[in-house]
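A.B. asks: Residue numbers (my numbering), protein chains in the order written: chain E, 1 to 193; chain V, 1 to 193.
Treat the hints with caution; some may be incorrect.
List of simulated lysine-lysine pairs, PhoX-like, C-alpha gap at most 25 Å [stated by the list, open to error]:
1. V:K161 with V:K85
2. E:K171 with V:K27
3. V:K131 with V:K180
4. V:K171 with E:K180
5. E:K161 with V:K180
6. V:K180 with E:K171
7. V:K109 with V:K131
8. V:K161 with E:K27
9. E:K27 with V:K131
10. E:K88 with E:K123
11. E:K118 with E:K48
12. E:K180 with V:K109
13. E:K27 with E:K85
14. E:K123 with V:K171
15. E:K118 with E:K88
16. E:K88 with V:K27
17. V:K27 with E:K161
18. E:K131 with E:K161
19. E:K48 with E:K171
20. V:K27 with E:K131
21. V:K85 with V:K118
22. V:K123 with V:K48
23. E:K180 with E:K161
24. V:K109 with V:K85
25. V:K88 with E:K27
26. E:K48 with E:K27
27. V:K123 with E:K27
28. V:K48 with V:K131
29. E:K27 with V:K171
30. E:K85 with E:K118
31. V:K88 with V:K171
32. E:K171 with E:K85
33. V:K180 with V:K109
34. V:K48 with V:K161
35. V:K27 with V:K180
36. E:K88 with E:K109
37. V:K85 with V:K27
38. E:K48 with E:K109
39. E:K48 with E:K161
40. E:K88 with E:K161
Calculated directly from the structure, the hints in this document are not laboratory data. Source: prediction; values computed, not measured.
There are 2 protein chains.
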Amino acid sequence: MAKKSSRRLFIPSQDIFFRVFKMQNLKESEAVALSGPFPYVLVTSLDKNGRPNAMGVAWVTRTSFDPFLILISIDHRRYSYEGIKMHKEFVVNYPSIDQSDAAVICGSKSGHDGDKIKLAGLKLVDSVSVKVPTIEGVTVAFECEVVDQLETGDHTVFVGKVVGTSGNPEKSRHLYVSSKFQLFGMDGNEVPA
Amino acid sequence: MAKKSSRRLFIPSQDIFFRVFKMQNLKESEAVALSGPFPYVLVTSLDKNGRPNAMGVAWVTRTSFDPFLILISIDHRRYSYEGIKMHKEFVVNYPSIDQSDAAVICGSKSGHDGDKIKLAGLKLVDSVSVKVPTIEGVTVAFECEVVDQLETGDHTVFVGKVVGTSGNPEKSRHLYVSSKFQLFGMDGNEVPA
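Go ahead and model the full structure; you've got the sequences and the hints to work with.
C.D. replies: What follows is the structure in C-alpha cells.
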C-alpha cells in the first residue's frame, strides 16, 4: 500500500487561474492564423475566351441542404472573377495531397500571367453537367451553376447549385492551407464524445 | 551484387491506367464526406429575450480582407436564426480540443429545448465590442456585426463585420467536424512545396 503523502495539495492561486482562463485580445492576423488551417480548393472556371483557369481558394462553404448549394468568395482582382460572372459556372475541386505542387502554383500565380493549368501540369476532364472542366485526380469535385451572388467588401460571394459530383474516394486525404499559405495534409484524430 | 532480374517490367495496361485516373461519379453524401472534415465553430447569439445561445456551425468562412468580413450560413429552423436576425450580432467561437464535450452538446441539442450553455458547462465572458458574449477558453473568437444577409435555399447567409477578436494562443488546436458529426483534433503535416 502506498504511503500517504504528507505534502499539501497544490491549489492554484487566483492569479494562475486567471492567467489560464482569461481571453486575450488578439490582432486580426493572429486571430485568423489561430482559426486555420482551412480546407483548400482549386476553383476551375472559363475566362471570356472560354479558356479554363484554376485558382486557389480557402473561402468556401456549403450553404444549403436542399437545394444543395455551395458558396465561394472571390476577390474582385482575381482573374477568375470576370469569367465566373460571365459564364455562371464553376467547379470546386479538392486537390489530393499528391497534387500539392500543382495546388501551390494555382494559388500563388495569377491567370492574368498565363496558363496556370499547363504550368501546374494539371489534366482536365469533362465535367458531368457543366461546361467548366474538372481537374483529374482530385479527391472530390462539385460542379456548380451560379444561382445568386452578393458583393461582400472586396470579394463577391457566388452561390452555386451543385449539379454534379465526382471524385476519387481512394484519395481521401486532401489539402488544407494556413493563413500564411502553407499547405497541410491533415490527419484527423477522432475525439471521443 | 544482386542478380539481374529476368522478369519483364510491369507495364500497366490502358485499362488499369483508366481505373486509376478516371473520376468516379459520386453520390452527394459521398462527395460531402470526402470534402471534410471542416473547421467547427460555436456561434453565440442572443435570443428575443436577450438570453445567450451557442450553436454548432461548420458552414463558416471569411469573405473580405478590407473590411474584415466573416459569413455564417444558418438553417432557418435553428433557434439562433431569429435572434441573429433581430439583434444583428453574433460571435464565431473556435472551441479548443479540450472543449469537445461541450462542443458536441451545442451541436446536437437545440436551444428550443433549454439552456445549452448551462447544459454544456460553458462559461461566457463579455465580448470586447458586441453585446453577444464570447465563450471562455476557446482558441479564438471573432465578434461580428451583421452588415448584410442573403437567403440561400434552406439557410440564410449572415455577413458579419469583425469588430473584435480574442483568444488563447496557447490553445491553438481547435476542433474539426466530419459530415457525420464526428469531431476531430487535427494534426497538420506541412507539405513541402
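A.B. asks: Does each hint fit the structure? Answer for all of them.
C.D. replies: Structure-based check of each hint:
1. Our distance criterion of 25 Å between C-alpha atoms is met by K161 of chain V and K85 of chain V, whose separation comes to about 15 Å.
2. For the given pair, K171 of chain E sits about 16 Å from K27 of chain V by alpha-carbon distance, which is consistent with the 25 Å threshold.
3. With a C-alpha separation of about 33 Å, the suggested pairing of K131 of chain V with K180 of chain V is violated against the 25 Å cut-off.
4. The straight-line distance between the Cα atoms of K171 of chain V and K180 of chain E is roughly 19 Å, inside the 25 Å bound, and the hint therefore holds.
5. Proximity of K161 of chain E to K180 of chain V is assessed by CA-CA distance (about 22 Å); at most 25 Å being required, the pair is judged to hold.
6. Restraint check for K180 of chain V and K171 of chain E: the C-alpha separation of about 19 Å stays at or below 25 Å, so the hint holds.
7. A hinted pair counts as satisfied when its Cα atoms are at most 25 Å apart, and K109 of chain V with K131 of chain V qualifies at roughly 24 Å.
8. Between K161 of chain V and K27 of chain E the alpha-carbon distance is near 15 Å, which keeps this suggested pair within the 25 Å criterion.
9. Annotation: proposed proximity of K27 of chain E to K131 of chain V holds, straight-line Cα distance about 20 Å (limit 25 Å).
10. Taking the CA atoms of K88 of chain E and K123 of chain E, the gap is near 22 Å; set against the 25 Å cutoff, the hint holds.
11. For a cut-off of 25 Å, the pair hint linking K118 of chain E to K48 of chain E stands: about 18 Å separates their Cα positions.
12. Taking the CA atoms of K180 of chain E and K109 of chain V, the gap is about 36 Å. The hint is violated against a cut of 25 Å.
13. A threshold of 25 Å between alpha carbons decides the hint, and for K27 of chain E with K85 of chain E the separation of about 34 Å lies outside it, so the pair is violated.
14. Between K123 of chain E and K171 of chain V, the direct Cα distance comes to roughly 40 Å. Violation of the 25 Å bound is thereby established for this hinted pair.
15. This hinted pair checks out: K118 of chain E and K88 of chain E have alpha carbons roughly 23 Å apart, not beyond 25 Å.
16. Our distance criterion of 25 Å between C-alpha atoms is met by K88 of chain E and K27 of chain V, whose separation comes to about 23 Å.
17. Proximity of K27 of chain V to K161 of chain E is assessed by CA-CA distance (about 15 Å); at most 25 Å being required, the pair is judged to hold.
18. Between K131 of chain E and K161 of chain E the alpha-carbon distance is near 14 Å, which keeps this suggested pair within the 25 Å criterion.
19. As the CA atoms of K48 of chain E and K171 of chain E are separated by approximately 33 Å, the hinted pair breaks the 25 Å bound.
20. Note on K27 of chain V and K131 of chain E: the hinted pairing holds, with a Cα-Cα distance of about 20 Å set against a maximum of 25 Å.
21. Note on K85 of chain V and K118 of chain V: the hinted pairing holds, with a Cα-Cα distance of about 23 Å set against a maximum of 25 Å.
22. Note on K123 of chain V and K48 of chain V: the hinted pairing holds, with a Cα-Cα distance of about 21 Å set against a maximum of 25 Å.
23. As the CA atoms of K180 of chain E and K161 of chain E are separated by approximately 30 Å, the hinted pair breaks the 25 Å bound.
24. Simply put, K109 of chain V and K85 of chain V have alpha-carbon atoms about 21 Å apart, close enough for the 25 Å limit, and the pair holds.
25. A distance of roughly 23 Å separates the Cα atoms of K88 of chain V and K27 of chain E; the hinted pair therefore holds under the 25 Å criterion.
26. About 40 Å separates the Cα atoms of K48 of chain E and K27 of chain E, which puts this hinted pair outside 25 Å; it is violated.
27. Our distance criterion of 25 Å between C-alpha atoms is met by K123 of chain V and K27 of chain E, whose separation comes to about 23 Å.
28. Proximity of K48 of chain V to K131 of chain V is assessed by CA-CA distance (about 13 Å); at most 25 Å being required, the pair is judged to hold.
29. Restraint check for K27 of chain E and K171 of chain V: the C-alpha separation of about 16 Å stays at or below 25 Å, so the hint holds.
30. For the suggested pair K85 of chain E and K118 of chain E, the alpha carbons sit about 23 Å apart, so the restraint of at most 25 Å is met.
31. Between K88 of chain V and K171 of chain V, the direct Cα distance comes to roughly 29 Å. Violation of the 25 Å bound is thereby established for this hinted pair.
32. Pair hint K171 of chain E plus K85 of chain E does not hold up; C-alpha atoms about 31 Å apart against a cutoff of 25 Å.
33. With a C-alpha separation of about 15 Å, the suggested pair K180 of chain V and K109 of chain V falls inside the 25 Å cut-off, and the hint holds.
34. Between K48 of chain V and K161 of chain V, the direct Cα distance comes to roughly 22 Å. Compliance with the 25 Å bound is thereby established for this hinted pair.
35. With a CA separation close to 15 Å, the supplied pair K27 of chain V and K180 of chain V stays within the 25 Å bound.
36. Of the supplied pair hints, the one linking K88 of chain E and K109 of chain E holds, its CA atoms being roughly 23 Å apart against a limit of 25 Å.
37. With a CA separation close to 34 Å, the supplied pair K85 of chain V and K27 of chain V exceeds the 25 Å bound.
38. Restraint check for K48 of chain E and K109 of chain E: satisfied, since their Cα atoms lie roughly 19 Å apart, inside the 25 Å limit.
39. The hinted pair formed by K48 of chain E and K161 of chain E meets the criterion: a straight-line CA distance of about 22 Å does not exceed 25 Å.
40. Of the supplied pair hints, the one linking K88 of chain E and K161 of chain E holds, its CA atoms being roughly 10 Å apart against a limit of 25 Å.
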